[in-house]
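Asks: Chains as they are written, first to last, in our numbering: chain A, 1 to 468; chain B, 1 to 468.
A few of these clues could be false.
Which copy? The list can't say, so a pair holds if one copy fits it or any two copies do.
Said to hold, decoys possible - SDA-like mimics (lysine to any residue), calculated; alpha carbons at most 25 Å apart, straight line:
#: 1; residue 1: K211; residue 2: G74
#: 2; residue 1: K381; residue 2: L410
#: 3; residue 1: K322; residue 2: V451
#: 4; residue 1: K92; residue 2: P285
#: 5; residue 1: K436; residue 2: E166
#: 6; residue 1: K211; residue 2: P73
#: 7; residue 1: K200; residue 2: H185
#: 8; residue 1: K200; residue 2: P73
#: 9; residue 1: K431; residue 2: R261
#: 10; residue 1: K424; residue 2: K436
#: 11; residue 1: K40; residue 2: F112
#: 12; residue 1: K211; residue 2: N43
#: 13; residue 1: K200; residue 2: P288
#: 14; residue 1: K431; residue 2: P453
#: 15; residue 1: K200; residue 2: G409
#: 16; residue 1: K436; residue 2: N167
#: 17; residue 1: K322; residue 2: K370
#: 18; residue 1: K370; residue 2: E454
#: 19; residue 1: K370; residue 2: S309
#: 20; residue 1: K200; residue 2: P259
#: 21; residue 1: K211; residue 2: A248
#: 22; residue 1: K211; residue 2: V253
#: 23; residue 1: K211; residue 2: A155
#: 24; residue 1: K355; residue 2: A455
#: 25; residue 1: K322; residue 2: V102
#: 26; residue 1: K200; residue 2: P186
#: 27; residue 1: K92; residue 2: F112
#: 28; residue 1: K244; residue 2: R144
These aren't lab readings, by the way, just hints derived from the structure by calculation.
2 protein chains.
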Amino acid sequence: MRIRAHRRFVLLLGLALTMFTQSFETLHASPAASRVSAFKLANGLQVVVVPDHRAPVVTHYVWYRVGAADEPPGVSGIAHFLEHLMFKSTDKIPSGEFSKIVARLGGQDNAFTSHDVTAYFQRIAKDRLKTVMEMEADRMENLRLTENEVTNERAVILEERRSRTENNPSSILSEQMLASFYQNHPYRIPIIGWMHEMAKLSREDALTFYKRFYAPNNAIVVVAGDVTVDEARRLTEATYGPLKPNPAIQARVRPQEPPHRAPRRVELKDQRAGNFSLRRFYLAPSIPTAAEGEAEALYLLMKVVGHGSTSRLYQKLVVEEKLASSSGGWYSGTSLDSGTIGVHAVAAEGVGLDKVEAGIDRVLHEVREKGVTPDELERAKKAFIADFIYESDSQSALARRYGEGLLLGLTIEQINNWPVAIAKVTADDVKRAAAKHFDVRRSVTGTLIPVPPEAEGDAATKPAANKT
Amino acid sequence: MRIRAHRRFVLLLGLALTMFTQSFETLHASPAASRVSAFKLANGLQVVVVPDHRAPVVTHYVWYRVGAADEPPGVSGIAHFLEHLMFKSTDKIPSGEFSKIVARLGGQDNAFTSHDVTAYFQRIAKDRLKTVMEMEADRMENLRLTENEVTNERAVILEERRSRTENNPSSILSEQMLASFYQNHPYRIPIIGWMHEMAKLSREDALTFYKRFYAPNNAIVVVAGDVTVDEARRLTEATYGPLKPNPAIQARVRPQEPPHRAPRRVELKDQRAGNFSLRRFYLAPSIPTAAEGEAEALYLLMKVVGHGSTSRLYQKLVVEEKLASSSGGWYSGTSLDSGTIGVHAVAAEGVGLDKVEAGIDRVLHEVREKGVTPDELERAKKAFIADFIYESDSQSALARRYGEGLLLGLTIEQINNWPVAIAKVTADDVKRAAAKHFDVRRSVTGTLIPVPPEAEGDAATKPAANKT
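One chain only, chain A, in its complex shape:
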């Protein structure tokens, strides 16, 4: 039922686009951004209010500053498992009733877990806001778990891993690539967890994690919608105000990457693969770790190189050279400790992956050497505005943008100023970013090779690498 960000790159990319494209527009066109307010309760809870009076509805988010990358070694998946278990009981809410109550109130709710955050949200009529705040405040402090609930829900997450990862060679390849890509950082570990560790997750693991990380001084509440700042202050004081802060909450310090010195390759042979395909990830800075303007340049670079059917990768590989049936690329900058650039292609019928890869390399080489044209840059910037116009209709996207921005350490002002920062990017900035960050030494390349079942275990010989 709930959405979960296992495909971190894809989902976070989506959020990222949402974030700054919205900012761009709000600065110029939307009345909302200029009136975004933030305050803090005495117990440390941060509150952000994003007015949107188009309809008498609100979107209510609780963002916890904890995700899969904060898990202790050996209990991978516990952040996501706890997200599931948060829908069990408290003294006031019977087991499994949380979402049903929201539905009976006419609302929808959901939750997701990434490496950096765990978030819960409801969209509901404005006169029900206090009720869902009470419910979220209640489960922030009073979660109850029985052994039975834990056992049953563990079966659910194991099944989730089976259906989303184990049965999906593309997911397996990405998972194996990330395990090779990050040498020290917990971004290496899948958000849903390793199967053998998930199978052992216990009630005690969940409650330990809950008590350590779930507290008002480790959370951000975002209310977007038909609400004033005064109302929001009164409601949050009344509901979240009485919660006790956890004095043990600390700044998040996760092990960081050493220098990457050597390109890596991962090859997965799978009978279920369907097509020959190739993808590559490059380690890059993220919004919080980038130099000024660098993340913005990377977003624009990858818009030109990899976004949609007008992108360079698509035009070269699919349209002109007919090496690939699809190709593209992206930049994800919305992680706390590092970002990622990705490129990918599916080989055209009968074309070897070595030729496809050489085609990708030619595109990347050219942009490193010559950068992008003023025209391309202008179009990329405009594309963000267009994206924004589409996205700004979504109250939930507005709420996400501020919640995630604050989690990344940005101020409201910095979030609002994203479009200004994007507008400042020059073609030189983009060329410099390309030259610096398309560095194969900081990359992992993965290939997915369809084979007959018996050949999956044909394992004595070397990886076929680029020969298909």
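Mind docking chain B on chain A? Use the hints.
Replies: Below, chain B without anything else, positioned relative to chain A:
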């Protein structure tokens, strides 16, 4: 001054060979093994006595059940750093005097750190044994560290990393390969630590680690030499006996590997490389994790495949096909959680690494399909005996064998029975082990490519992989 096991595979392989080859002989020829005794003090300290009365000297080892794989995330290198700092002061020993005192007593001392153990040892005249025991017992409980000592010694380990790793492309390649190879287990992390984490190691980090892991109930004392069991008991009671156990010591549980599904490749271009070379690691069971007889079969397999100039790899690649100037392989089974098989070759002048790799693959393919001959198996078994005869002259090797065996969870009897287990291995066992464990899906292949300095950063394009 001190030896440290950064090159884990090489050193542990040496220890492993030592371990069971010695056992083989001692069972039949040496009077020592049959009289090996073990007892435990009330505070939990395990003591092993290995009589060797050929000369009035003793080798005294303290093995701590802690190594680099027990480090908390983010403080890589702390186990090894603490090993250095153990040579600072206590109330009784002035700073830096430990080794000098041993030397003045006519002895030698040293220490090393692996992923699984930290060990300290002295070789000394038998009438000085009590003194070195007092000194080891003293620093097990009373280590003092000043900020100054920590700062100075940190400069020493950083320099050690620079000279052993940073200046050595082969070490860098192995380090990058291991980071790709292990997906979840801390064996991924270099024993000496990542530079950026070593640079932050503090006095507090060292003392926290010390207090957590250094205690009599987390140590094994091995005394080999001119000593009786009664003497050893009296001496250990008098010196180590008064130490307090640490009730917080727990069984060692480290995060284990998920299934490996896709072969990995790592390519390092380095101007200092000298030669084109290739190596591959396969994940394998270790002595403690293997099925009965499996580790023994792997030792014999790799003796046939990779040990010395009569091995299959050397004969095929160097002598017959002239593809390589050297080639070989090994099995390392003396780690707690998993073992490793390694193969390697240096390309002959003008030969591409793709041809070298294909040559290795032919050798491995053949042994998977056809196994080893009765003759080869017999010679491999005999080689262990020959190794033993050479090694058994070393009192220190005797002490190591029992210390390490107990750390791996073996009983004295199991250690003594190694040669029997080796003798039982059949050609079928070896073939089965080859077929099962030469599985490229559980492997990482590394290539080292000498390039002109300017080409190290030639990083836009894909790894050259097998093309040289």
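Asks: Does each hint fit the structure? Answer for all of them.
Replies: Hint check:
In this assembly of identical chains, the alpha carbons of K211 and G74 lie at most 25 Å apart whether taken from the same copy (18 Å) or from different copies (23 Å). Only within a single protomer do K381 and L410 lie at most 25 Å apart by alpha-carbon distance; the minimum there is 21 Å, versus 66 Å between protomers. For a Cα distance limit of 25 Å, the shortest separation of K322 from V451 inside one copy, 23 Å, qualifies, whereas the shortest one across copies, 33 Å, does not. For a Cα distance limit of 25 Å, the shortest separation of K92 from P285 qualifies neither inside one copy, at 44 Å, nor across copies, at 51 Å.
For the homomeric pair K436 and E166, the shortest alpha-carbon distance between copies (22 Å) is at most 25 Å, but the shortest distance inside one copy (35 Å) is not. Taking identical chains as interchangeable, the C-alpha atoms of K211 and P73 lie at most 25 Å apart whether they share a chain (17 Å) or sit on different chains (21 Å). In the homo-oligomer, the alpha carbons of K200 and H185 lie at most 25 Å apart both inside one protomer (23 Å) and across protomers (16 Å), since each shortest distance falls under that limit. When the C-alpha separation of K200 and P73 is checked against a cutoff of 25 Å, the pair qualifies both within a copy, at 13 Å, and between copies, at 21 Å.
Proximity of K431 and R261 under a CA criterion of 25 Å is satisfied intra-copy only: 22 Å inside one chain copy versus 37 Å between copies. Taking CA atoms no more than 25 Å apart as the test, K424 paired with K436 passes inside one copy only; the shortest distance there is 19 Å, against 58 Å between copies. For the homomeric pair K40 and F112, the shortest alpha-carbon distance inside one copy (24 Å) is at most 25 Å, but the shortest distance between copies (52 Å) is not. In this homomeric assembly, K211 and N43 come within 25 Å of each other (Cα to Cα) only inside a single copy, at 16 Å, whereas the closest approach across copies is 35 Å.
Taking identical chains as interchangeable, the C-alpha atoms of K200 and P288 lie at most 25 Å apart only when they sit on different chains, with a minimum of 22 Å there against 34 Å within one chain. Proximity of K431 to P453 under the C-alpha cut-off of 25 Å is restricted to the inter-copy arrangement: shortest distance 23 Å between copies versus 45 Å within a copy. In the homo-oligomer, the alpha carbons of K200 and G409 lie at most 25 Å apart only across protomers (24 Å), although the nearest pairing inside one protomer, at 34 Å, exceeds that limit. For a Cα distance limit of 25 Å, the shortest separation of K436 from N167 across copies, 24 Å, qualifies, whereas the shortest one inside one copy, 37 Å, does not.
Proximity of K322 to K370 under the C-alpha cut-off of 25 Å is restricted to the intra-copy arrangement: shortest distance 23 Å within a copy versus 45 Å between copies. In this assembly of identical chains, the alpha carbons of K370 and E454 lie at most 25 Å apart only when taken from different copies (20 Å versus 46 Å within one copy). Only within a single protomer do K370 and S309 lie at most 25 Å apart by alpha-carbon distance; the minimum there is 21 Å, versus 53 Å between protomers. When the C-alpha separation of K200 and P259 is checked against a cutoff of 25 Å, the pair qualifies only between copies, where the shortest distance is 16 Å, while the shortest distance within a copy is 34 Å.
In this assembly of identical chains, the alpha carbons of K211 and A248 lie at most 25 Å apart whether taken from the same copy (10 Å) or from different copies (22 Å). Proximity of K211 and V253 under a CA criterion of 25 Å is satisfied in both settings, with 18 Å inside one chain copy and 23 Å between copies. For the identical chains of this complex, K211 and A155 are intra-copy neighbours only, at 23 Å inside a copy versus 39 Å across copies, given an alpha-carbon limit of 25 Å. In this assembly of identical chains, the alpha carbons of K355 and A455 lie at most 25 Å apart whether taken from the same copy (23 Å) or from different copies (22 Å).
Neither within a single protomer nor between protomers do K322 and V102 lie at most 25 Å apart by alpha-carbon distance, with minima of 51 Å and 74 Å respectively. Taking CA atoms no more than 25 Å apart as the test, K200 paired with P186 passes in both settings, with 19 Å inside one copy and 19 Å between copies. Proximity of K92 to F112 under the C-alpha cut-off of 25 Å is restricted to the intra-copy arrangement: shortest distance 23 Å within a copy versus 57 Å between copies. Proximity of K244 and R144 under a CA criterion of 25 Å is satisfied intra-copy only: 17 Å inside one chain copy versus 40 Å between copies.
Of the numbered hints given earlier, the model fails hints 4, 25; all others are met.
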